[in-house]
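Q: Keeping their order, the protein sequence lines are chains A and B. Under the numbering used here, the first residue of the first sequence is numbered 1, with each subsequent residue one higher. Under the numbering used here, the first residue of the second sequence is numbered 1, with each subsequent residue one higher.
Since the hints were derived computationally from the structure, they do not count as laboratory data.
Stretch-level coverage of chain A by chain B, calculated; a stretch enters the list once three of its residues show a Cβ under 8 angstroms from a Cβ in chain B:
1) 38-48
2) 101-108
Listed next, the stretches of chain A that the computed footprint assigns to chain B, with coverage defined by at least 3 CB atoms under 8 angstroms from CB atoms of chain B:
3) 1-10
4) 83-96
Cβ atoms here follow ideal geometry from the backbone N, Cα and C, with glycine treated the same way.
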Amino acid sequence: GDSVTQTEGQVTVSESKSLIINCTYSATSIGYPNLFWYVRYPGEGLQLLLKVITAGQKGSSRGFEATYNKEATSFHLQKASVQESDSAVYYCALSEANTGKLTFGDGTVLTVKP
Amino acid sequence: EAAVTQSPRNKVAVTGGKVTLSCNQTNNHNNMYWYRQDTGHGLRLIHYSYGAGSTEKGDIPDGYKASRPSQENFSLILELATPSQTSVYFCASGETGWNTGQLYFGEGSKLTVL
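With the rest of the complex left out, here is chain A (with noise of 0.2 angstroms):
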């Protein structure tokens, strides 16, 4: 089946450094997935960051972004500087085009320190 990989469970990182939340995905019964990074922060439900549907793009919300790559499987979320407000759990996710079915992977927990 489908799946996504997210190698660190938690992040810590100092405000203003930079970030890289790694992300690759498998998708044995998609030709090209949706690829998604969604977000929960703390007290709040589950919500939407960011989304690519083309091979190849960027996509970019909150200083954050991820380019699609469909060569290296992967959808990496980058942020060039954190702030303390940045601190969340942060889920990878594929969606197969026809059903909207979404696959998670495990999520990220990134601290932001001041």
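Based on these hints, arrange chain B on the given structure of chain A.
A: Just chain B now, with coordinates in the frame of chain A:
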């Protein structure tokens, strides 16, 4: 404001009892989904629906039933609850077509089965 609301938000049930989790959406989306999330893991799909009257099995449907009586409502039913079904359950709605995978989530229902 478009929203997905779940009830109850917290539920304690006994082993062998029946549990119904309800979900209502005002997004007018065709697709609805039930996921469960266990500590330290990503969300896993239980059942989903393409519209009123339809239900489909997700990745982990055993022990669960679903019901979609209307566009707005989607229920998850545990006929004989077991302690292994202790988890947080999330309902979501989403569109069909090219935008699939962009889901809108409820706040979650925490279920404890004793």
